[in-house]
Amino acid sequence: MPSEPEPRPAVAAPRRPVRALTRLAGVTVLAGALVVGVSATALAAPAPSADAVRVSAAPTTAAARPPRTTHGPCAYTETPDEPAARPVPLPPDPRRTPARGSVRVTLATNHGPIGLTLDRAAAPCTVQSFLHLVGKRFYDRTPCHRLTAYPTLSVLQCGDPSGTGEGGPGYRYRDELPTDLPPAPTDPTGERRVYARGVLAMANAGPDTNGSQFFLVYANSALRPNYTIFGEVDEAGLATLDRIAAGGVAPTAEDPAPVDGAPALPVTIRKAVRWHHHH
113 MPSEPEPRPA
123 VAAPRRPVRA
133 LTRLAGVTVL
143 AGALVVGVSA
153 TALAAPAPSA
163 DAVRVSAAPT
173 TAAARPPRTT
183 HGPCAYTETP
193 DEPAARPVPL
203 PPDPRRTPAR
213 GSVRVTLATN
223 HGPIGLTLDR
233 AAAPCTVQSF
243 LHLVGKRFYD
253 RTPCHRLTAY
263 PTLSVLQCGD
273 PSGTGEGGPG
283 YRYRDELPTD
293 LPPAPTDPTG
303 ERRVYARGVL
313 AMANAGPDTN
323 GSQFFLVYAN
333 SALRPNYTIF
343 GEVDEAGLAT
353 LDRIAAGGVA
363 PTAEDPAPVD
373 GAPALPVTIR
383 KAVRWHHHH
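Numbering (this note's numbering), first residue to last: 113 to 391.
Simulated from the structure, these hints should not be mistaken for lab results.
Ideal placement from N, C-alpha and C gives every residue a C-beta, glycine not left out.
A hint or two may mislead.
Derived DEER-like restraints, expressed as beta-carbon distance ranges [claimed, not checked]:
hint: 1; residue 1: P179; residue 2: P368; range: 39 to 45 angstroms
hint: 2; residue 1: P295; residue 2: P319; range: 40 to 46 angstroms
hint: 3; residue 1: R386; residue 2: P319; range: 44 to 50 angstroms
hint: 4; residue 1: D346; residue 2: P300; range: 31 to 37 angstroms
hint: 5; residue 1: P300; residue 2: P206; range: 41 to 47 angstroms
hint: 6; residue 1: E366; residue 2: R212; range: 45 to 51 angstroms
hint: 7; residue 1: G302; residue 2: E366; range: 30 to 36 angstroms
EDC-like cross-link-like pairs, simulated, lysine to aspartate or glutamate; straight-line CA separation at most 20 angstroms [what the hints assert, rightly or not]:
hint: 8; residue 1: K248; residue 2: D299
hint: 9; residue 1: K383; residue 2: D346
hint: 10; residue 1: K248; residue 2: D205
hint: 11; residue 1: K383; residue 2: D287
hint: 12; residue 1: K248; residue 2: E303
Based on the sequences and whatever the hints tell you, model everything.
Here it is in structure tokens:
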């Protein structure tokens, strides 16, 4: 079995997930990923190329009117074919997107707090969207539907209120990709980079398809630099992640010892809270 899952676009339309894990994002059995809904790229199954943090494809419905797009620099755009898993308006998109400083958010989970420090300079549009979703309580009472335990991909993926890996906020926006990550020592091709323990990044379904799903890295992982990094997890949060990861991935009838699927210890974000004091 290949030691390195890696992301790649699913061929044609993503097939419906074959196993009923809480349908990992982007999971067709050969494709998992830190993916969110549409053309699921995949991180999932140990096909030679399968690794992403993707979002799975949601069923499509034709939309009558053209999708709305905000007029600021972030251009948040409605996704009528992938309606919101929980109703939420488009984020504010001021002419000057805040691009300095950090913002603290705590995810209060059933396993303990996960403190996040969001970095506006690294990903201003992503931070603005994430804070918008926190403020609208989009993340409250939502599951973290996917845990991976590959040697080169160790993440907890959250942010889909539907828990299927296909849900999002009903809009998408562009990537703000990292450019300074070190090469992954496990990848002789030099294409994958180190997404280090403690990184907070966005899952997606291909270029410029960010929505609400995000992933928390609990051990150094090797990924192509196709995922926006917008913050980091604090020490208490890493301790919480370690407890969740230690529980492993829930076994299924097809795979008694999976490395990608629903966490064996179910994870719920009870509430996401923004802290307003400045650092």
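Hints and how they fare:
At about 43 angstroms, the CB distance of P179 to P368 agrees with the hint of 39 to 45 angstroms. Taking the beta carbon of each, P295 and P319 are about 21 angstroms apart, not inside 40 to 46 angstroms as hinted. For R386 and P319, the Cβ-Cβ distance of about 29 angstroms falls outside the hinted range of 44 to 50 angstroms, so the restraint is violated. Here the CB-CB span from D346 to P300 is close to 34 angstroms, well matched to the stated 31 to 37 angstroms.
For the pair P300 and P206, the supplied restraint of 41 to 47 angstroms holds, since their beta-carbon distance comes to about 45 angstroms. Between E366 and R212 the C-beta distance comes to about 48 angstroms, which sits within the given range of 45 to 51 angstroms. At roughly 34 angstroms, the beta-carbon separation of G302 and E366 lies within the given 30 to 36 angstroms, and the hint holds. Taken as a hint, the K248 and D299 pair is broken in the structure, with Cα atoms around 40 angstroms apart against an allowance of 20 angstroms.
The straight-line distance between the Cα atoms of K383 and D346 is roughly 17 angstroms, inside the 20 angstroms bound, and the hint therefore holds. Straight-line distance between C-alpha atoms of K248 and D205 comes to about 15 angstroms, which keeps the hinted pair within the 20 angstroms bound. A hinted pair counts as satisfied when its Cα atoms are at most 20 angstroms apart, and K383 with D287 does not qualify at roughly 26 angstroms. A threshold of 20 angstroms between alpha carbons decides the hint, and for K248 with E303 the separation of about 37 angstroms lies outside it, so the pair is violated.
Checked against the numbered hints above, the structure breaks hints 2, 3, 8, 11, 12 and satisfies the rest.
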